[in-house]
Amino acid sequence: MRTCLLSMTMLSAALALAAAPAQAEYGDVVFNQRSEKEGMRPVVFSHWFHRIRFRCKVCHDELGFKMRAGANDLRMVDIANGRFCGLCHNGDIAWGAERCDLCHSGRSGLISRIHGSNQTLGPGRW
Amino acid sequence: MRSGRETRRQRYYLWLLLALAALVTQTPIAAEVARRWLPLAKDGIHDPKNPALRLLQEPGEALSRLPADPVGNQVNWTAALDEGRINPRTNIRAQTRIRTLDSDILLNLRGGTPIVRFPHRQHTVWLDCSNCHEHLFKSKAGANKLSMQLILQGEQCGVCHGAVSFPLTQCGRCHNTPRKQPLPAGAVPGS
Chain A
23 MRTCLLSMTM LSAALALAAA PAQAEYGDVV FNQRSEKEGM RPVVFSHWFH RIRFRCKVCH
83 DELGFKMRAG ANDLRMVDIA NGRFCGLCHN GDIAWGAERC DLCHSGRSGL ISRIHGSNQT
143 LGPGRW
Chain B
367 MRSGRETRRQ RYYLWLLLAL AALVTQTPIA AEVARRWLPL AKDGIHDPKN PALRLLQEPG
427 EALSRLPADP VGNQVNWTAA LDEGRINPRT NIRAQTRIRT LDSDILLNLR GGTPIVRFPH
487 RQHTVWLDCS NCHEHLFKSK AGANKLSMQL ILQGEQCGVC HGAVSFPLTQ CGRCHNTPRK
547 QPLPAGAVPG S
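Chains A and B, in that order, are what the protein sequence lines are.
Count along the first sequence from 1, then add 22; that gives the number in this note's numbering.
Count along the second sequence from 1, then add 366; that gives the number in this note's numbering.
It should be emphasised that the hints constitute simulated quantities derived from the structure, not laboratory data.
Each hint should be verified, as a subset may be incorrect.
[What the hints assert, rightly or not] When the alpha-carbon atoms are kept at most 20 angstroms apart in a straight line, the in silico DMTMM-like pairs for lysine to aspartate or glutamate are as follows: (1) 415/B with 60/A; (2) 88/A with 521/B; (3) 415/B with 123/A.
[Said to hold, decoys possible] Computed list of chain A residues with no C-beta within reach of chain B, every gap over 12 angstroms: (4) 55; (5) 59; (6) 60; (7) 95; (8) 96; (9) 97; (10) 99; (11) 100.
Keep in mind it's a predicted model, so treat the numbers as computed, not measured.
C-beta: ideal position from N, C-alpha, C; glycine also.
With these hints in hand, go ahead and build the complete structure from the sequences.
See the structure below:
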């Protein structure tokens with residue numbers, strides 16, 4: 023009886039683990055064109071986190087972010103000078119650029135693209 | 367002795383029930399009822415060894431409060447905005463002109479699948495005109511040749527749909543107007 027119980031528990035636990043593979047949240051973007059070459063973790067940008075607080079037009083119109091993963095050549099010097107992420111990440115609207123680890127929060131070896139959904143770089147994958 | 371055996375049997379049935387419940391909640395049908403988001407440390411892209419990770423907001427904490435959707439972030443973002451559950455900023459600079467448009471365009475008028483009623487309102491509350499016009503779509507109704515082939519490759523509507531807005535597996539959300547009915551009043555025929 024006890025063996026039966028144990029195996030049932032283990033089976034359900036294994037099923038639970040197998041059914042929930044690691045997957046990025048829909049619309050998460052990784053920037054790693056320069057980060058790791060320069061000794062930092064890749065940047066993880068979460069669309070869900072930002073769109074609760076800002077409409078698309080703020081970043082994709084006012085800030086000038088192109089709507090194509092990999093098309094934006096981001097440099098820390100621009101951010102520090104108030105361009106791109108730096109229009110908000112200045113310690114006023116959002117945390118400042120000196121809080122490195124909050125944005126440079128990705129695992130090593132990540133490819134720059136949209137994770138957790140279709141890449142929009144075609145051909146689609148879903 | 368007998369009551370001890372009965373207790374064991376009851377316990378066995380209880381475990382069986384719990385195991386079955388664990389199994390059932392893993393099915394997609396149950397996932398629509400109980401939404402779940404992976405913690406950042408387990409999403410495969412955040413570094414669990416990053417000490418700053420605990421300072422970041424968890425998706426489940428933010429998204430579980432918003433209207434449900436079966437796909438994407440499991441949030442109906444249009445409903446979240448329309449119902450006032452979120453009020454994201456429209457601009458940073460005071461001088462930025464905030465442009466919205468309330469007009470529907472009918473697309474795919476000669477195709478086989480249901481007509482697409484494209485609503486400008488739901489798009490312009492989020493986006494600016496310049497995000498789509500004129501490089502993706504010409505502003506003249508009927509002037510755009512839309513292709514599912516291109517959309518599926520991440521062009522045209524596929525720049526957003528399939529990446530950040532609801533995915534292309536949701537056919538009926540765009541192909542939403544039956545052909546056999548009179549065309550909806552007020553909507554502008556496109557191509």
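Now the hints, each set against the structure:
no. : hint             : verdict
1   : 415/B with 60/A  : holds, 19 angstroms
2   : 88/A with 521/B  : holds, 13 angstroms
3   : 415/B with 123/A : holds, 11 angstroms
4   : 55               : holds, 16 angstroms
5   : 59               : holds, 17 angstroms
6   : 60               : holds, 16 angstroms
7   : 95               : holds, 19 angstroms
8   : 96               : holds, 17 angstroms
9   : 97               : holds, 20 angstroms
10  : 99               : holds, 20 angstroms
11  : 100              : holds, 16 angstroms
Taken one by one, the earlier hints all hold for this structure without exception.
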